[in-house]
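*Asks:* These are the residues of each chain, in order.
Protein chains: 2
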Amino acid sequence: MLMAETIRFKRDGGSLAADAIRTLIRAYSAGEIPDYQMAALLMAVYFRGLDDAELAAWASAMLHSGEVVDLASVPGAKVDKHSTGGVGDKISIPLAPLVAACGVRVPMISGRGLGHTGGTLDKLESIPGFRTDLSVERFVRGVAEVGTCMIGQTEALVPADRRMYALRDVTGTVESIPLISASIMSKKLAEGISGLVLDVKVGSGAFMKTPERARELARTMVGIGNRNGVRTVAFLTDMSQPVGWAVGNALEIAESVEVLRGCGPADTTALVESLGGAMLVLGGVAATLADGEARIREAIRSGAGLDRFRAMVSFQGGDPRVADDPSLLPAAASRRDVPAPSAGWVTSVDCERVGIAALVIGGGRRRKEDSIAPAVGLRIRARIGARVDAGQPLATIEFNDPAHVEHAAALVAAAYGIGPEPPATGPLVLETIGL
Amino acid sequence: MLMAETIRFKRDGGSLAADAIRTLIRAYSAGEIPDYQMAALLMAVYFRGLDDAELAAWASAMLHSGEVVDLASVPGAKVDKHSTGGVGDKISIPLAPLVAACGVRVPMISGRGLGHTGGTLDKLESIPGFRTDLSVERFVRGVAEVGTCMIGQTEALVPADRRMYALRDVTGTVESIPLISASIMSKKLAEGISGLVLDVKVGSGAFMKTPERARELARTMVGIGNRNGVRTVAFLTDMSQPVGWAVGNALEIAESVEVLRGCGPADTTALVESLGGAMLVLGGVAATLADGEARIREAIRSGAGLDRFRAMVSFQGGDPRVADDPSLLPAAASRRDVPAPSAGWVTSVDCERVGIAALVIGGGRRRKEDSIAPAVGLRIRARIGARVDAGQPLATIEFNDPAHVEHAAALVAAAYGIGPEPPATGPLVLETIGL
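Here the protein sequences line up with chains A and B, keeping their order.
To get our numbering, take the position in the first sequence, counting from 1, and add 178.
To get our numbering, take the position in the second sequence, counting from 1, and add 178.
Since the hints were made in silico from the structure, they are not lab data.
Incorrect hints may have been included.
To give an idea of the interface, some chain B residues facing chain A are shown, with a C-beta separation under 8 Å as derived from the structure [unchecked claim]:
(1) Ala218
(2) Arg316
(3) Val318
(4) Ala344
(5) Leu345
Computed cross-link-like contacts, EDC-like style, restricted to lysine to aspartate or glutamate with a CA-CA straight-line distance of at most 20 Å [as the list claims (entries may be wrong)]:
(6) B:Lys546 x B:Glu315
(7) B:Lys387 x A:Asp190
(8) B:Lys546 x B:Asp230
(9) B:Lys387 x B:Asp190
(10) A:Lys387 x A:Glu353
(11) A:Lys546 x A:Asp311
(12) B:Lys546 x B:Glu390
(13) B:Lys546 x A:Glu353
(14) A:Lys387 x B:Glu353
This one's a predicted model, so the numbers in the text were calculated from it and none came from an experiment.
Quick reminder that beta carbons are idealized off the backbone N, C-alpha and C, glycines included.
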């Protein structure tokens with residue numbers, strides 16, 4: 179089929195054959211299909227969607243546009259976790275060493291922060307000496323020897339996705355569940371994993387603001403994974419407020435160490451246990467989710483997870499003493515409390531505003547090219563359901579450059595809803611799919 | 179608004195402000211908006227449509243992307259006719275001189291044939307010496323002195339449409355009623371006219387296969403014209419079989435002369451009278467459609483229309499003696515009848531197949547670059563409702579090169595439906611809009 183015919187076929191609601199999708203993604207990657215035709219097709223996909231068979235073929239074709247990590251030489255199950263992103267979401271950092279300590283290897287290829295959400299790579303790089311730009315060979319060795327390794331996307335993996343994402347960004351075709359799903363899943367499938375746990379965030383800080391949209395995204399991704407031979411399950415989890423008490427790169431590493439030491443925030447620890455438990459089920463080490471959760475708890479209690487974290491930091495060039503002495507992490511020079519304007523109960527926290535507050539003081543990126551300040555960030559002092567007096571701190575801003583601190587404080591103050599009654603609070607895990 | 183935001187706004191069903199549309203078309207014309215963003219926007223328009231205000235602004239912005247013909251120096255009303263295209267549609271050729279003879283000037287900028295449909299310019303150029311590539315200045319003089327002139331689109335008129343049409347052609351965004359309407363109307367409005375009659379074809383040979391789609395197209399175009407200060411009316415006319423008995427460039431010129439002489443085919447003559455009558459109403463020369471039709475009939479009877487045709491041919495460098503001696507037109511070397519395979523009544527004619535038959539023997543174009551053979555074509559010998567015996571000719575192919583004549587004959591034979599009962603036949607004019 180000519181590309182113009184393919185576009186019309188999809189535009190009119192047709193279902194593309196797997197073969198046509200393979201040809202199309204291959205030709206686009208090779209520069210044989212111009213961006214204007216791909217842009218029109220992507221907009222047609224925005225309106226018409228992709229069915230399960232199309233999605234599986236689309237993600238598979240994207241995946242095969244480049245190299246795929248070959249973990250065949252590494253024995254045992256390889257399971258990863260992916261989060262759709264939120265504010266204060268440091269889950270991967272304690273999770274991967276804990277799962278590895280329980281006997282399931284975790285090859286993790288992560289991203290950087292953009293806009294109001296942080297990125298695992300930026301957080302890890304706040305550890306002195308830590309490198310995330312390892313070669314694929316060294317990554318495979320890390321997974322084999324340490325049990326987990328965390329690197330960034332390489333040029334060789336899923337090049338079609340990079341080109342297509344840049345095009346989607348400027349053509350109004352980002353907000354498409356099939357295209358989001360195929361993009362995420364193609365990158366995860368390229369890791370050479372046998373199982374995948376998805377953490378799909380719902381709420382003010384998440385890309386998906388409603389459970390309905392989040393469920394659709396989760397189901398779509400689970401379908402792509404399973405059709406491509408990777409057992410995939412999803413959790414819908416609450417993102418109506420930041421995860422834990424820390425938002426900011428070095429601050430979140432310190433909090434991750436607290437989770438590994440068994441003294442982390444309750445919500446963060448609970449998420450690590452649930453997601454980790456599911457990874458152990460997919461890895462064949464635990465029979466049930468409850469069994470898996472118990473094993474993760476035991477790996478915290480015994481210190482096995484913390485040991486594995488030290489080994490990972492060491493393997494990736496970082497200073498493993500951060501696991502014992504958080505003062506080795508960069509620290510901000512100054513602090514500024516954001517006081518509650520009135521007494522009452524915290525009824526809501528607009529995570530997006532909190533994330534942007536961390537960004538304006540230098541902890542995040544507006545554009546991909548921006549550099550970030552690893553030490554700065556926010557400490558959350560009051561979560562939803564807390565009773566606060568007027569003037570009591572809602573959060574503390576940790577900053578170096580005072581230039582934008584008042585802007586950040588205004589954003590944080592505006593992010594908090596304070597009401598006269600204690601709010602109803604929902605569960606942390608809204609539902610699971612495929613487990 | 180940034181282009182990516184404009185795309186998302188339209189994608190989500192928003193109505194673009196006139197100012198935003200002007201900025202967007204101007205920036206696209208200037209090469210400041212890349213094709214991939216315009217392609218995504220066009221696909222969003224395909225799905226979301228354009229409302230009346232958006233359409234008027236879109237067509238007006240396209241129109242002002244280049245020069246506009248200035249007919250202010252020419253006194254009186256200037257009215258044009260546009261047909262959405264069909265097979266054997268030579269209406270413009272007798273129509274324009276007849277309307278001019280009745281006192282309403284007709285500035286006509288026409289197109290070339292492509293695919294199964296012929297083009298007025300190609301037909302006119304079968305007259306020895308006839309030129310359609312006049313300058314705009316000479317075109318204006320022709321309208322002033324002769325009362326009508328027929329040229330092709332120039333580079334200076336509506337350049338945005340040329341660029342956008344080329345993009346739509348390869349991005350599956352041709353079949354959009356708003357975009358088709360804006361494209362047609364921007365080119366017609368650029369003629370500097372005060373009134374416009376649209377002939378929207380319906381049926382097997384037309385772009386619009388159903389009355390519903392044709393009505394939607396007609397209403398959309400009428401709305402654009404009226405909102406831009408050009409009084410516009412539309413006829414929905416039957417294209418379930420070719421117009422007249424001749425399909426092919428020189429053959430249609432000869433048939434046009436027959437209409438001007440009062441001995442043309444009934445359907446062709448009736449269409450010329452109706453469309454011409456409406457043009458006289460819009461031009462202020464006739465009070466009613468019936469009055470206008472009577473004036474067109476009188477211009478045929480008196481020979482005033484034929485005189486005006488001779489003057490137009492002369493002005494445009496052609497041999498005016500073709501009006502008296504059709505043997506001066508190029509003629510094909512050979513003839514081949516297409517016999518009826520069985521006896522019965524002609525119940526249907528697939529115009530598209532008939533048009534493609536004319537194309538394969540050289541009378542049309544597959545691609546814009548193709549040259550055409552002016553002499554070749556088809557003579558229709560049996561129309562819908564005719565009783566035919568087995569072996570009686572349905573059509574005669576007039577050809578020079580025998581290479582593709584059997585293919586053409588097979589197409590013509592396949593185009594005819596022959597049944598045991600006489601079919602019900604519908605009216606030639608299905609309805610009028612805005613009159």
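*Asks:* Look at each hint and say if it fits the structure.
*Replies:* Taking the hints in turn, this is what the structure says about them:
Taken as an interface hint, Ala218 (chain B) checks out: its beta carbon lies about 4 Å from the nearest beta carbon of chain A, inside 8 Å. At about 37 Å, the closest approach between the beta carbon of Arg316 (chain B) and any beta carbon in chain A exceeds 8 Å, and the interface hint on this residue is violated. For Val318 (chain B), the suggested interface contact is broken, since its CB lies about 37 Å from the closest CB of chain A, more than 8 Å. Given the 8 Å rule on beta carbons, the hint for Ala344 (chain B) is violated: about 10 Å separates it from the nearest Cβ of chain A.
At a threshold of 8 Å, the smallest CB-CB gap from Leu345 (chain B) to chain A is about 6 Å, leaving the interface hint in force. The suggested pairing of Lys546 (chain B) with Glu315 (chain B) is violated, with an alpha-carbon distance near 26 Å, which exceeds 20 Å. Pair hint Lys387 (chain B) plus Asp190 (chain A) holds up; C-alpha atoms about 17 Å apart against a cutoff of 20 Å. Annotation: proposed proximity of Lys546 (chain B) to Asp230 (chain B) is violated, straight-line Cα distance about 32 Å (limit 20 Å).
Proximity of Lys387 (chain B) to Asp190 (chain B) is assessed by CA-CA distance (about 29 Å); at most 20 Å being required, the pair is judged violated. Pair hint Lys387 (chain A) plus Glu353 (chain A) holds up; C-alpha atoms about 12 Å apart against a cutoff of 20 Å. Restraint check for Lys546 (chain A) and Asp311 (chain A): the C-alpha separation of about 16 Å stays at or below 20 Å, so the hint holds. Our distance criterion of 20 Å between C-alpha atoms is broken by Lys546 (chain B) and Glu390 (chain B), whose separation comes to about 30 Å.
Proximity of Lys546 (chain B) to Glu353 (chain A) is assessed by CA-CA distance (about 38 Å); at most 20 Å being required, the pair is judged violated. Of the pairs offered as hints, the one joining Lys387 (chain A) and Glu353 (chain B) is violated, with about 35 Å between alpha carbons and a cut-off of 20 Å exceeded.
The structure fails hints 2, 3, 4, 6, 8, 9, 12, 13 and 14 (numbered hints given earlier, in ascending order).
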